[in-house]
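> Spelled out from the first residue to the last, the chains are:
Protein chains: 2
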Amino acid sequence: MKKEILEALKQNKGKFISGEELSIKIGVTRTAIWKHIKQMKEDGYDIDAVSRRGYRLIQEPDTLELNELQIDMKTRLIGSNLIYYPSIDSTNNEAKKEAAAGAPEGTVIIADEQTGGRGRLGRQWVSPKGTGIWMSIILKPELEPAEAAKITQLTAASVATALRNVTGCEAGIKWPNDIIINKKKVCGILTEMSAELNSVNHIIVGMGINVNVDPEEFPEEVRSIATSVKESVGHEIYRKEIVLEILRIFEDLYLDFIRRKSIDKSVGICRKYSVTLGNQVRIISKDKVVYAEAVDLTEDGELLIRNEAGEIEKIISGEVSVRGVSDYI
Amino acid sequence: MKKEILEALKQNKGKFISGEELSIKIGVTRTAIWKHIKQMKEDGYDIDAVSRRGYRLIQEPDTLELNELQIDMKTRLIGSNLIYYPSIDSTNNEAKKEAAAGAPEGTVIIADEQTGGRGRLGRQWVSPKGTGIWMSIILKPELEPAEAAKITQLTAASVATALRNVTGCEAGIKWPNDIIINKKKVCGILTEMSAELNSVNHIIVGMGINVNVDPEEFPEEVRSIATSVKESVGHEIYRKEIVLEILRIFEDLYLDFIRRKSIDKSVGICRKYSVTLGNQVRIISKDKVVYAEAVDLTEDGELLIRNEAGEIEKIISGEVSVRGVSDYI
Numbered sequence: 000m001k002k003e004i005l006e007a008l009k010q011n012k013g014k015f016i017s018g019e020e021l022s023i024k025i026g027v028t029r030t031a032i033w034k035h036i037k038q039m040k041e042d043g044y045d046i047d048a049v050s051r052r053g054y055r056l057i058q059e060p061d062t063l064e065l066n067e068l069q070i071d072m073k074t075r076l077i078g079s080n081l082i083y084y085p086s087i088d089s090t091n092n093e094a095k096k097e098a099a100a101g102a103p104e105g106t107v108i109i110a111d112e113q114t115g116g117r118g119r120l121g122r123q124w125v126s127p128k129g130t131g132i133w134m135s136i137i138l139k140p141e142l143e144p145a146e147a148a149k150i151t152q153l154t155a156a157s158v159a160t161a162l163r164n165v166t167g168c169e170a171g172i173k174w175p176n177d178i179i180i181n182k183k184k185v186c187g188i189l190t191e192m193s194a195e196l197n198s199v200n201h202i203i204v205g206m207g208i209n210v211n212v213d214p215e216e217f218p219e220e221v222r223s224i225a226t227s228v229k230e231s232v233g234h235e236i237y238r239k240e241i242v243l244e245i246l247r248i249f250e251d252l253y254l255d256f257i258r259r260k261s262i263d264k265s266v267g268i269c270r271k272y273s274v275t276l277g278n279q280v281r282i283i284s285k286d287k288v289v290y291a292e293a294v295d296l297t298e299d300g301e302l303l304i305r306n307e308a309g310e311i312e313k314i315i316s317g318e319v320s321v322r323g324v325s326d327y328i
Numbered sequence: 000m001k002k003e004i005l006e007a008l009k010q011n012k013g014k015f016i017s018g019e020e021l022s023i024k025i026g027v028t029r030t031a032i033w034k035h036i037k038q039m040k041e042d043g044y045d046i047d048a049v050s051r052r053g054y055r056l057i058q059e060p061d062t063l064e065l066n067e068l069q070i071d072m073k074t075r076l077i078g079s080n081l082i083y084y085p086s087i088d089s090t091n092n093e094a095k096k097e098a099a100a101g102a103p104e105g106t107v108i109i110a111d112e113q114t115g116g117r118g119r120l121g122r123q124w125v126s127p128k129g130t131g132i133w134m135s136i137i138l139k140p141e142l143e144p145a146e147a148a149k150i151t152q153l154t155a156a157s158v159a160t161a162l163r164n165v166t167g168c169e170a171g172i173k174w175p176n177d178i179i180i181n182k183k184k185v186c187g188i189l190t191e192m193s194a195e196l197n198s199v200n201h202i203i204v205g206m207g208i209n210v211n212v213d214p215e216e217f218p219e220e221v222r223s224i225a226t227s228v229k230e231s232v233g234h235e236i237y238r239k240e241i242v243l244e245i246l247r248i249f250e251d252l253y254l255d256f257i258r259r260k261s262i263d264k265s266v267g268i269c270r271k272y273s274v275t276l277g278n279q280v281r282i283i284s285k286d287k288v289v290y291a292e293a294v295d296l297t298e299d300g301e302l303l304i305r306n307e308a309g310e311i312e313k314i315i316s317g318e319v320s321v322r323g324v325s326d327y328i
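Residue numbers (numbering that gives the first Met the number 0), protein chains in the order written: chain A, 0 to 328; chain B, 0 to 328.
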């Protein structure tokens, strides 16, 4: 019922709606309305309650709870099954369990806090409460395992575009899986899969976005290379707006990918916002480090480099680590 | 306590042990011993009970229950965590859930019946009650996703060797993942993985072995290409003996693989028992069928073929399907 009250208040945002009107609309007593609104105020909703005029929603809190997301969500596949946790170990872990239990494609797991957030290769990802977007999406595309990296590119394109659209920041993409603002990492993408030898069962794509994280919340060892949207734009941003924009763009790009079997649209975005292309990079593989120039992305999102002998080589995401020569980017 | 009674009876198999001796050894009353033995007889154990002489184990039933397996198991990693189900949808599915929940490497899931057994690409695998080995192993090797096929080869080597050792049958290996007797399939291997783009989180290797399955239990559409160990050797075989032998050989080959980072021992076995090598095969990929001669396996278990132009090509497991030209093999 909270959802219906919230929906009615939002439709009239900034204007008063009487307790009686709410009561008739939703079909419960005025006392029940009053109790729910009291609870919502405790949850952080700024609501005016004036006798003989009724209730007026001034401002929602920065929450990612289901009601808030569902009321404004416009997608039909991505987020059609939405699961929210105030706190969880890792949204990717939870998504794996959900997928193993049969959760449908498009399921989104979102948490207000991760207590065991992970980056690539099991590295820790700090995910403090209430200040970031810690989210995973379950997908079931027809892909071979080696193609899973396409989903990373599609996600990077979605996140960078959404951050730019909502906040006006200059989000860039460090190939293959980091989103960058001012040469610092604002978001990491972790793509995992369940697969047979030649076909993907499902893909989990997780993202951790530092939205309103303060610099001092980052562990000391990453402080010089981590940033948040807030640090870049100078004020707090509603996480919900970013989540909804990511899901909207992601759905567009994903459905286009499924329909046309091509991620060229995503790659176009990754090229445009790339902070890697045109720069000197170090290609770090298991047994050696090679210096090269990042030249372009292929239509499948693989990196083309010019090696020291002047030849063009293709780098497949996941095989190597790519770093700038002088700093993090 | 059933395990202790069973262990004592087995140590004295064929000989009498008195109720009093059992009672002292295990530390329960003679009435409790009598009750447990009554239950064991109902479970299919052939036990003589003669007054003034005691109890004598004549024969165990063909069961894969934990007590039976654990008492005789000699491995230290593979099967160190053993989970048995009288009936389950699919041991691979269950293994995935266990792995997602943190089950350790070497966990083995075994079921007396699968109600939703799967082969590759979600194909049905008939797994009737009490007559086959439906088993999955959880592994956590340091591998890239493209190397997961090595585990298939290692498993094929283990199963073929175990079937030969225990039953004397002439089990062959149809590259990459089928065990064959008399040109018919007796076992399929399904390797699945959870992975990041460049590193495997865990591998689930499942096997379905038709041990005592009668030909009429196979669905009509596979009857001409499916067989069982029983059909080949002419009598029923204790499944437990095969399971224990598989786990023993698997552990040897797997620990050797981990230690030396090479599956050459497994590949040697796969070569020796191969029914593919030396034969004409059809290489079936997404968009075409090519005829070739299967020539050899590489050290990594990939298939080398001689194509129609006379050139040697490498076929990576999972990319294509390999069939004999004239029949199933």
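No lab work stands behind these hints, which were simulated from the structure alone.
Take the hints with a grain of salt, since some may be wrong.
Copies of the same chain look alike in the list, so a pair counts if it fits in one copy or across any two.
Pairs of lysine-lysine, DSSO-like flavour, derived with a Cα cap of 27 Å [what the hints assert, rightly or not]:
#1 Lys37 - Lys9
#2 Lys271 - Lys40
#3 Lys287 - Lys139
#4 Lys139 - Lys2
#5 Lys139 - Lys40
#6 Lys260 - Lys285
#7 Lys260 - Lys34
#8 Lys287 - Lys37
#9 Lys285 - Lys139
#10 Lys1 - Lys229
#11 Lys260 - Lys287
#12 Lys2 - Lys34
#13 Lys2 - Lys313
#14 Lys285 - Lys264
#15 Lys96 - Lys139
> Now, for every hint given, state plainly whether the structure supports it.
Verification of the supplied hints:
In this assembly of identical chains, the alpha carbons of Lys37 and Lys9 lie at most 27 Å apart only when taken from the same copy (16 Å versus 70 Å across copies). Within a single copy, Lys271 and Lys40 get their C-alpha atoms no closer than 43 Å, and across copies no closer than 74 Å, so neither meets the 27 Å cut-off. For a Cα distance limit of 27 Å, the shortest separation of Lys287 from Lys139 across copies, 25 Å, qualifies, whereas the shortest one inside one copy, 35 Å, does not. Neither within a single protomer nor between protomers do Lys139 and Lys2 lie at most 27 Å apart by alpha-carbon distance, with minima of 30 Å and 44 Å respectively.
Taking the shortest alpha-carbon separations for Lys139 and Lys40, neither the intra-copy value of 40 Å nor the inter-copy value of 49 Å comes in at or below 27 Å. For the identical chains of this complex, Lys260 and Lys285 are inter-copy neighbours only, at 15 Å across copies versus 32 Å inside a copy, given an alpha-carbon limit of 27 Å. Taking the shortest alpha-carbon separations for Lys260 and Lys34, neither the intra-copy value of 52 Å nor the inter-copy value of 65 Å comes in at or below 27 Å. With identical chains, the CA atoms of Lys287 and Lys37 are never at most 27 Å apart, being 62 Å at best within one copy and 67 Å at best between copies.
In this assembly of identical chains, Lys285 and Lys139 lie within 27 Å of each other by CA distance solely across copies; the values are 19 Å between and 30 Å within a copy. When the C-alpha separation of Lys1 and Lys229 is checked against a cutoff of 27 Å, the pair qualifies neither within a copy, at 30 Å, nor between copies, at 64 Å. In this assembly of identical chains, the alpha carbons of Lys260 and Lys287 lie at most 27 Å apart only when taken from different copies (19 Å versus 34 Å within one copy). Taking CA atoms no more than 27 Å apart as the test, Lys2 paired with Lys34 passes inside one copy only; the shortest distance there is 14 Å, against 59 Å between copies.
Neither within a single protomer nor between protomers do Lys2 and Lys313 lie at most 27 Å apart by alpha-carbon distance, with minima of 50 Å and 59 Å respectively. For the identical chains of this complex, Lys285 and Lys264 are inter-copy neighbours only, at 25 Å across copies versus 32 Å inside a copy, given an alpha-carbon limit of 27 Å. For a Cα distance limit of 27 Å, the shortest separation of Lys96 from Lys139 qualifies both inside one copy, at 15 Å, and across copies, at 18 Å.
The structure does not agree with the numbered hints 2, 4, 5, 7, 8, 10, 13 stated previously, though it agrees with the rest.
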